[in-house]
Each structure stands twice: as structure tokens, then as C-alpha cells.
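Generate coordinates for the entire structure from the input sequences, incorporating the hints supplied.
Each protein sequence line maps, in turn, to chains A, B, C and D.
Just so you know, we're using this note's numbering here: the first sequence kicks off at 1 and counts up by one.
Just so you know, we're using this note's numbering here: the second sequence kicks off at 330 and counts up by one.
Just so you know, we're using this note's numbering here: the third sequence kicks off at 738 and counts up by one.
Just so you know, we're using this note's numbering here: the fourth sequence kicks off at 1066 and counts up by one.
For the record, the hints were derived by calculation from the structure and aren't laboratory data.
Heads up, the beta-carbon is just placed ideally off N, CA and C, and yes, glycines get one too.
Wrong hints could be hidden among the right ones.
If you anchor each label on the Cβ, the simulated ranges turn out as follows [what the hints assert, rightly or not]: (1) B:668 x A:278: 47 to 57 angstroms; (2) C:927 x A:188: 37 to 47 angstroms; (3) D:1147 x B:735: 34 to 44 angstroms; (4) C:930 x A:299: 40 to 50 angstroms; (5) B:688 x D:1100: 17 to 27 angstroms; (6) B:719 x D:1076: 45 to 55 angstroms; (7) C:999 x B:358: 45 to 55 angstroms; (8) C:745 x B:371: 14 to 24 angstroms; (9) D:1147 x B:700: 30 to 40 angstroms; (10) C:930 x A:188: 56 to 66 angstroms; (11) B:531 x A:248: 23 to 33 angstroms; (12) B:470 x A:310: 42 to 52 angstroms; (13) B:592 x C:847: 33 to 43 angstroms; (14) B:560 x D:1073: 25 to 35 angstroms.
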Amino acid sequence: MSAETRETSYREAVREAIRDALRRDPRVFLMGEDVGRYGGCYAVTKGLYDEFGPERIRDTPLSESGFTGAGIGAAMGGMRPIVEIMTVNFSLLALDQIVNNAATIRHMSGGQLNVPVVIRMACGAGRQLAAQHSHSLEAWYAHIPGIKVVAPATLEDARGMLWTALEDPDPVVIFEHVMLYNRTAQLASDAGPVSIEGAAVRRAGGDLTLITYGGSLYKTLEAAEALAGEGIAAEVIDLRSLRPLDDATIMASVARTHRALIVDEGWRSGSLAAEISARIMEQAFWELDAPVGRVCSAEVPIPYPKHLEDAALPQVEGIVAAAKAVTGR
Amino acid sequence: MSAVYRMPSLGADMEAGTLIEWVKQPGERFAKGDVIAVVETQKGAIEVEVFHDGVMGRPLVETGQRVPVGTPMAEVELVDVQRAAAAAPGGEPPAERRAPTRTAAVRTLPGATSPPEPAGARSITVPRRLRASPAARRQAQQLGLALADLAGSGPDGAIVLRDVVSAGGRAAPVRPPAERPAPRRGPNLDAMRGAIAAAMSRSKREIPHYYLSHTIDLTRATDWVAGHNAVRPPERRILLGVLLIKAVAVTLRNYPQLNGFDREGRFEPATGIHVGSATAIRGGGLVAPAIHDADRLELDVLMDRLRDLVARVRAGTLRSSELADPTVTVSSLGERGVDRLYGVIYPPQVAIVGFGTPSPRPWVVDGQVVPRTLVTATLAADHRHSDGHRGALFLAQVGQRLQEPDTL
Amino acid sequence: MTDTKLHLNREHALHLLREMLRIRRFEERCAELYTEEKIRGFLHLYIGEEAIAVGVMQCLTPEDAVVATYREHGHALARGMPMTRMMAEMYGRQEGCSRGRGGSMHLFDAASRFYGGNAIVGGSLPLAVGLALADKMRGRQQVTACFFGEGAAAEGEFHESLNLAALWQLPVLFVCENNLYAMGTALERSESETHIFRKAQSYKVEAEAVNGMDVLAIEVAARRGVAAIRAGGGPRFLECQTYRFRAHSMFDAQLYRDKAEVEAWREKGPVLRFGHWLEETGMLDPAGRARIEAEIEAELATAVAFAEQGTWEPVEDLTRDVYTERLA
Amino acid sequence: MTHNEIRAAALEELINVAPDLAEETIPVDADLRETFDMDSMDLVNWVAALHRRLGVDIPELDYPKLRSLDATAAYLAGRLGISQTPGPP
Chain A
1 MSAETRETSY REAVREAIRD ALRRDPRVFL MGEDVGRYGG CYAVTKGLYD
51 EFGPERIRDT PLSESGFTGA GIGAAMGGMR PIVEIMTVNF SLLALDQIVN
101 NAATIRHMSG GQLNVPVVIR MACGAGRQLA AQHSHSLEAW YAHIPGIKVV
151 APATLEDARG MLWTALEDPD PVVIFEHVML YNRTAQLASD AGPVSIEGAA
201 VRRAGGDLTL ITYGGSLYKT LEAAEALAGE GIAAEVIDLR SLRPLDDATI
251 MASVARTHRA LIVDEGWRSG SLAAEISARI MEQAFWELDA PVGRVCSAEV
301 PIPYPKHLED AALPQVEGIV AAAKAVTGR
Chain B
330 MSAVYRMPSL GADMEAGTLI EWVKQPGERF AKGDVIAVVE TQKGAIEVEV
380 FHDGVMGRPL VETGQRVPVG TPMAEVELVD VQRAAAAAPG GEPPAERRAP
430 TRTAAVRTLP GATSPPEPAG ARSITVPRRL RASPAARRQA QQLGLALADL
480 AGSGPDGAIV LRDVVSAGGR AAPVRPPAER PAPRRGPNLD AMRGAIAAAM
530 SRSKREIPHY YLSHTIDLTR ATDWVAGHNA VRPPERRILL GVLLIKAVAV
580 TLRNYPQLNG FDREGRFEPA TGIHVGSATA IRGGGLVAPA IHDADRLELD
630 VLMDRLRDLV ARVRAGTLRS SELADPTVTV SSLGERGVDR LYGVIYPPQV
680 AIVGFGTPSP RPWVVDGQVV PRTLVTATLA ADHRHSDGHR GALFLAQVGQ
730 RLQEPDTL
Chain C
738 MTDTKLHLNR EHALHLLREM LRIRRFEERC AELYTEEKIR GFLHLYIGEE
788 AIAVGVMQCL TPEDAVVATY REHGHALARG MPMTRMMAEM YGRQEGCSRG
838 RGGSMHLFDA ASRFYGGNAI VGGSLPLAVG LALADKMRGR QQVTACFFGE
888 GAAAEGEFHE SLNLAALWQL PVLFVCENNL YAMGTALERS ESETHIFRKA
938 QSYKVEAEAV NGMDVLAIEV AARRGVAAIR AGGGPRFLEC QTYRFRAHSM
988 FDAQLYRDKA EVEAWREKGP VLRFGHWLEE TGMLDPAGRA RIEAEIEAEL
1038 ATAVAFAEQG TWEPVEDLTR DVYTERLA
Chain D
1066 MTHNEIRAAA LEELINVAPD LAEETIPVDA DLRETFDMDS MDLVNWVAAL
1116 HRRLGVDIPE LDYPKLRSLD ATAAYLAGRL GISQTPGPP
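Next comes the structure, spelled out in C-alpha cells:
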């Protein structure tokens, strides 16, 4: 435990993680659109260009497939690239590289070649960026064997997951929810690498289990607080890793609470929430005292107006109401 | 050398082709790479080539005829003898070539689920089931509470966990386990019934049994036992059942696929042959404790082991490991029973051998009908891990071994 | 480092012929084994295009990298991958170069820096860019040779990759094998600019068109290109005009081209022409030719026997190598 | 030994080899196999116990004579050379 902490934003925590990685290992470099001179679309990489130069903070053309593939190739060539894709929506232009190359090459080559690339991207809604900059497509990536998918929600994870991901011999995709960048909290000044595996129980409770990740964590914690005021003790699980999923932590919690509600900013159909619900049914059916509940985004491209965007996304009130329904109150 | 030209496979999705024309006529020479015929496929007409020099022979397929891949299409005479010997156009395609595909296709992998219900099944109206959560059901079962006696406080009156917990604390359970009078000395029959029910239900639900039956002439075996016992004091006499167990155990050495365990759909062969001897319990119930390494025990020792096991079954002093250890089960009806029994496999085992009651019957020996002591042996085995053919060979061999009792 | 100029002596000339013949005979046997269902999946043959892989490989060192497509048997052989392990891979045996997991389209060999075996048209160009980027950033004087067909020029990844390689001056030798047909679609039916090398030039990549049926012309052009790349001159682009004599894959009725066209190209075939030339110059006589064929036949027989005797990977290992297995 | 003594001894040995019959009421003339489900192992153990206790050899061929407690006592008495008719239980 560190004695010294300081007020830090999620953005600063990610930046510090990148800086730390660049200092630790000369093979590490960052590339992406406007990561250099501009300082990053979400200002995450501000200042790093001056500190590390254009070789290691490498601005790219608007060629998602090209530079993501180049990151994969460079990883095979012995480097440890961090590829930044501005938003998950843009990553669809690089899906070929991620799904057909990064995820397959180890297997296709009979285990001869590794792809130690890290791909970071922003995701999620809440900034009125409308239907081409706001989506939560994490579940698509979590569907793919061969890659690992993580979603740091806390400052510790934002600070600590990157280095561990770079050390991993397999490709890791990191999702950073846009609404988290401005979030501040106390972070230990000596905060360092953390595991990229396993879920974390962020709040303990015995009446029901709330399962969530990424940008929805704080809404869910707020809902848990509100539920406590009404005498319902909710346990909150932060998945942290979306692939592989930490079944053990989920099932252990459900075995205690007998009720589960999943909060997921992805669309309900074919969502991570659907996957988790199915796993609970498979592995903890006899523990259940109520059907598993889900709070997901409305099935609509994220609209621009604030009131409609809010209505489309999981919100604290909706989580509280769904939790009460699951607990039969 | 003579060979045949077969319908070639030009794509994994090509199953058959239609002969459009023979480009080469009987007697005509062809060289490696020449087009020999034109074949219509779902992708259009394709000129098919030969891979060897040779001479066209008699066509076996007529134009317009559609034949599956691999069908001989024409006789050919090949000149490149050395190569041709190894070439498949003349030789039989090796049988194993598709084996891995097939294995993968039929194998039930861990995590695989059963096929979905047919769509029509949804429209069947079923009587509404008593609504209780899974957790409530389990708790009620553990407390011995009948769900029907409980009031539900959940949605739509569903019984939830708290309803069971509060009822358990308030009302006297229907069958409070702790207060149940201790039964007479011996096994707990209720618990055993529950265990049998669970195991047998699982067996019938999960294991695709196949059944085989075989009549075995036991005359020599019974005569041998009678002779053996006639010169021994009672405590050193053996039972016919011991021979049956030994015969099964020894034969199993040659049939490892019947001796082992199903582990989530995969077969795990056992390291020894531990025969579970099904033993009925008076008052109901059945256990099949293990006789370890039965194939390696002398008959006298086997008899002692069996005697010890039965005594302890009667006394209720079996060790639980003895019930878990068997790698196969033998169930013998003994002297008082019926002709044959069809066993239910005890999971995770994969086979059970049954013997009916031996009895004198007419039997044909050397063309004469003579009275012989016959027994009907049956095998129930897990079709996921063995097939009827192997099972039949096994039963037949058990029968043969019993014709030579002095070798057992 | 390789010589920048072609030194043509008898030994080298025969080597070129032998290498092309190895590819030709290997693939002929593969086609036969395919009809016998020994080889399954897609089988794309390189027959007619052998001069390109053979010519270019002469200019590479073992430290250089090769990225190829799904029509890569020729490149793998010319790069020096053992025929035995390649054939075992064609069979799907675990003794194969990709442990049977890849098959015809996914030959890999880390030892010779052979990075596949890539079956997404255009998808491998960014990988080549990345491999070259890594070499450049680590200060290594290595070249990445990236082979692809003219069909890739229609993909965005082609343009993104050429731009990135030129922008960052990366050591990539782009080798476009223009065989005029992307599966069944003729070049003039899919491209407004049918001179592929001009597309490269628009990214300021030095590019030239070469007769892809002439192994010597290819080697000369490749030596020139590789030398320039090693000297730090950034990427080079060769458009090799060639023709595939056989169908796109085995199951192809070739409705899209005339037989006369195929025949005309066959007469220009690289093996045929180069063989004639060697005979005319007296470097090869029939006995010498027969000796080469016999040696290749022996190598092939060994490879087929190796594949036939190969074993199937146990189904228990099904999910192996999806992720790196790490010690706990 | 009287018939009743022999019969008591036989019952005692029977309960020893089949303790689960201890709480049953066993009528002296009840068919032990039919009524009490005695199987061949029980029988062979019982015979062995009787042999030990009484020194009587009982050949296998005679096993069917051990139908009930009374029948057994009569048979054993015969083997022991004690000529007695069965008495009241």
C-alpha cells in the first residue's frame, strides 16, 4: 500500500501508462491518427510527441486497416506496438486486420508466430457524438478467439493494464470508455502494472449481484448506493476482462446472492450481457432465485439530442428499477 | 499396368459429376496433363485431366451419366509403372483418409449442447408447472419440504428461496432428516434409494445403451464347481458367480473400451479391472462394490473378496471408495431369478454384464438335443464408446472362457 | 548481403531451372493428390508463374522476410522450406510446416521468416509494412518481400500500405504478380488503370513492369530493387506480367477465358522458354535435364511418403495455439 | 443337543452371516430363500458357519434341504445322529 496518492484523471492515468511503457522498453511505440502533434483526439497522448519524438509517437494517415496491420506486422517483427484507433466505430475499417490476422496467425502458423500487439480504442456514448462515434461494440471483439479484450474502468486499471497487455504474447484490445477520460480520483503515485485477467468485486452485498464493466461501472455503483438506501445490498462486479470472462467470480457471487442483473452499454441482442446470462444459466441455474435481469442500450443507433441519447443508454434509475424487479421488490 | 480412371474430386463441395464427353477414345494414347473427359459440375463443365501417360481403355460410364466422386469411369492402361503403383486412380482410396473429419463431426465436445427442440414442440400446451425458483427447489429438497405445501411470495406467486427458508424454520418438515428414527442396522435405504434413482436416471438420460444377449452353456462350469466344492469343506467352497466374474474380468483385458469411464463424453480407459458385483439388499436397494483387479485374483481369493463384500453389504460397513472404484459392473441373478436381465449402466462406467438364472434346458450338442445348464448373458454398453460388434465379440469370448473353467 | 548484379553462369542458370521445376512438379502432384482427396480445401496453383518467386528469392538473404498469398507454394519452396513439411501441411498432418492447422493457403515458417500463406486479398500488405517498420526502427538492414496478385490493387489495404511504406520510407519490395485475372474477373473489367505499377508511382514508389515469364529479367529487376532498398531508398515495386496456366483453384470451369489465350501464354511459359534457352546455349543437354527431373521426382516421392506417414493431431488438442500457453 | 438347541444355533449363525435379518421375526417354517431373500452367498456362509460350529459337513447337494429353520435343524440333527422329531418353537 502506498502512502502517497494524488488527484489524477483517467486520461492522465492512460498517458502515464503509455509514458511508462515507452520508458521501460525501447521496442514500444505508439501509432495512430493524431496521436502526435495533435496530442490525441481525446488528448490522451498530449505531450508525449515532444518527449519521445515522431518515431515512437507516430502519426498515421487515416488508414485504419493499414496502420493496424502495420502494428501487427511490427509486433511479428519484434516490436511492441501500441496501436490507437480513435473510436471503436473506426475500428471496423481495421476489422480485417484484427480478426483475420491478429487473432489467427498464432493458430494458423501452428504456434510459430506470436502477435504481441496492443490495440487501444475509445468506445461508448454520452458526449452527443451521434450514431457513428458512440457505440459499444466490445462484444464483437469478445466473440473472437485469439485476442484478449479488456475494459479498464478504474484509474488503477487504466494505469496498470497497458504494460501487462504489452507483456502478453498475444494481441490485446483495450477499450477506454469516452466518459471515463475526465473522471478523477486519487491514484497512488507509485501505481504500476496490474493483471489483465479476472473480474473484481467493487462493492460487496448479499441480495443481488450487479455485473458490469467499463463506462457503466460508476452508474452501477451509484445504483447500488441507491439500493442500499432501500435496504437492498447489491454486490457489484467489474468484469475488467471481457475475453476471457471470469466465470468463477461471477458464479461465486451469484451463489451467495442468488440473483443477477447485468448492466451493459452494448445493445441487448447478441450482447455480452446475453453471454453472461447464458453462462449463469449454464453454471449456476440451481442457485438462482429469480430470472437474470439485463439493462442494456435501447436498440437504436445512438441519437444526437441529449435527452434521446440519455434515454437510449443504461441509467442509474433504470438499473435501480431493474434490480428491484429482480429482487421481487 | 491396368488401372481405372475415377471421377476426380475438384472441390470439397463437389460430390458428383456428369460425364459430358470422352475426349480420349478407347485405344487412344494420352500423356500426363491431357484432358481425358469433360465433366459437368455445379460450377459448369470442367475438362478433367490425367496425371500419367497411358492408353484409354473401355469406358465404364456413359455420357450423360451422373456419378459420385471416386466412381471408376474408364479402364486405362498406364505406362509409368513405378508411379502408377502408388497412384490412386488404380488403387483403392485409403479408408482412413477422412477419419479425422468424421471423428470431429460426430464427437461431442465439452460444451456442446444438444440439438434444439423441433419448432413444433413449442406449440404443445403443457400444464403449468408449479412456479418455484431453482434455488427454492433445491432448498426445499434439502429440507424435505414439499413445494406444494408452501406459499410463494415471488412474482406471480412463485416460491422463492426466502419462502422455503421461512417455512423450514416454522413448520415441521414433512420428513425431518435429523429426527427420522435410525433404521435397523444396515445401510440407509432412503439415501440409497435416492442415490440409485439419481444414478439410474442419469444413466438412462445420458447414456445411449445398446443391449446384446447371448446364451452360454454352463454345464462344464457347473460341473467343475460341483467337483471343486465336493472335495472341500464349506468355508473353502466357491460359488458359480465367482467364475462368471472371473470370466468377465479376464475377457475385459481384450476389450478395454468396455472397462473405464465416460468423462464428459470422452472415454477414459481404466488402469485396472475392478468389477463391481451387484449385490441386492434385503428390503430394497442395490450396491455394486468393487472387487479390485478381479482379473488377477485366484478363484479362492476372489471368493473370499466377494464373501467379505457381501458380509459388509449386509452389515452396512462398506467404504464409500468401494462403491466408487468399479470400472465395470457384473449383475448376476443367482439361483432364484428370471432368464435374463438387461442392466442399466452405472455412470460413469460404460458397461454392465448381466447373468440370468442358470437352468437346465434342451440344447443341441453334436447334432443331438441334450439337457444342458444354460445361462443367458447380456451386455448393456455405452454406444458412445463402443459398438455392438465389439460387444458381441466380448460376450462370445466370455462364453468361450466359461467352457474351460479350469483355466480361470 | 546479396550481390546487386546478376552473375549468370551455368551453375546458377541450372539452379534457376531446377527451382522452377521443383515448383512445377510439386504442384502437379498436388493437383493429382487433390483429385484423390488427399489434399482438401482450396488449392491454388502457381503453375505458369514460377519465374517470379524463383527470380526474386535469389536476391534475398536468410534475414530478409517474405510475405505471400494463398498461391504461395512456389514462394515457400523457393524460399527453402522443406518439401516434406510442406506436403505434410497440404495433407493436414501435424508434421506439416503449420502443424496441419493451415493447409495449402497458410504455409508458415518462422525459421526462414516466411510469414504466410495469407488468404485475404490485400490483407497481407499491411503486415509487410509492419515487418519492414520493425526492421527499420531496430536499425536492421533487412528487406521484406511482399508478393500479391493484381487483384489486391482493388483493395484499400493496397493503397494504404503503399502510402505508408513510401511515407515512412520502409524497406519493402512489393512484387505484384499480375496474371490478368482476379479469380475470373479480367483486369480490364476491374481496374480503370490496368498498369498496376502506375498506381505505385502515384504514391512516389519507384516502380517498373517486368516480363514475369522471364526468370532472368525478374532476377535482374529484383536485384536492382533490393539494392536500392538496402541503400535506404525506401520501397520498390515490381509489376511482373504473368499468367496462370491452370484454373484459379481446382474447382473452376474457366468460363471467363479462351483456350486459345491459355495456349498462347503456355508457349511463353517460364520453364519451357528458359529450358529451351539453356539447351540453345549448350548449358543443358537431355541427360542433364533427365537428371534434374529424376532428382526432383525423388524429392517429391520422399515428400509424399512423409505426408502419407504423417499423423493427425489429436482432437484433444483442438483449441491449442489460440492463445500462448503460459506456465502458471 | 435338542432340536430346539440346534435350531437356535442355526438361527444365531444365520444372523451372524446376515445381520440385516436381526430385527426380522423368522417363523421356524418359513422358506428362507423365498421369504427372506437368502441368496447363494448367504447360504454358503451359513453352511460354513454351521460346519465350524457343529462340525457337520454339508455337501452342496444337500443345500436344498436347508429350506427353513426347522428343516435345517432336522437335517443337521440327522447328520449329527440325533434322532428327534421337531418340537414346538
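Okay, the hints, checked on the actual structure:
The given range of 47 to 57 angstroms is respected by residue 668 (chain B) and residue 278 (chain A), whose C-beta atoms sit roughly 49 angstroms from each other. Taking the beta carbon of each, residue 927 (chain C) and residue 188 (chain A) are about 58 angstroms apart, not inside 37 to 47 angstroms as hinted. Distance hint check: the CB atoms of residue 1147 (chain D) and residue 735 (chain B) are about 39 angstroms apart, consistent with the given range 34 to 44 angstroms. The beta-carbon spacing between residue 930 (chain C) and residue 299 (chain A), approximately 44 angstroms, falls within the hinted interval of 40 to 50 angstroms.
Between residue 688 (chain B) and residue 1100 (chain D) the beta carbon distance is about 22 angstroms. The supplied range of 17 to 27 angstroms therefore holds. Against the hinted window of 45 to 55 angstroms, the Cβ-Cβ separation of residue 719 (chain B) and residue 1076 (chain D) comes to about 49 angstroms, which satisfies the hint. Taken as a hint, the range 45 to 55 angstroms is violated for the pair residue 999 (chain C) and residue 358 (chain B), whose Cβ atoms sit roughly 22 angstroms apart. Hint check: residue 745 (chain C) to residue 371 (chain B), Cβ distance near 49 angstroms, so the stated range 14 to 24 angstroms is violated.
Checked against the hint of 30 to 40 angstroms, the C-beta distance between residue 1147 (chain D) and residue 700 (chain B) comes to roughly 38 angstroms, which is consistent with it. Checking the proposed 56 to 66 angstroms range against residue 930 (chain C) and residue 188 (chain A) shows it holds: the Cβ atoms sit about 59 angstroms from each other. Separated by about 25 angstroms at the C-beta atoms, residue 531 (chain B) and residue 248 (chain A) satisfy the suggested range of 23 to 33 angstroms. A hinted range of 42 to 52 angstroms holds for the C-beta pair residue 470 (chain B) and residue 310 (chain A), which are about 46 angstroms apart.
Here the CB-CB span from residue 592 (chain B) to residue 847 (chain C) is close to 35 angstroms, well matched to the stated 33 to 43 angstroms. For residue 560 (chain B) and residue 1073 (chain D), the Cβ-Cβ distance of about 31 angstroms falls inside the hinted range of 25 to 35 angstroms, so the restraint holds.
This entry does not satisfy hints 2, 7, 8, going by the numbered hints stated previously.
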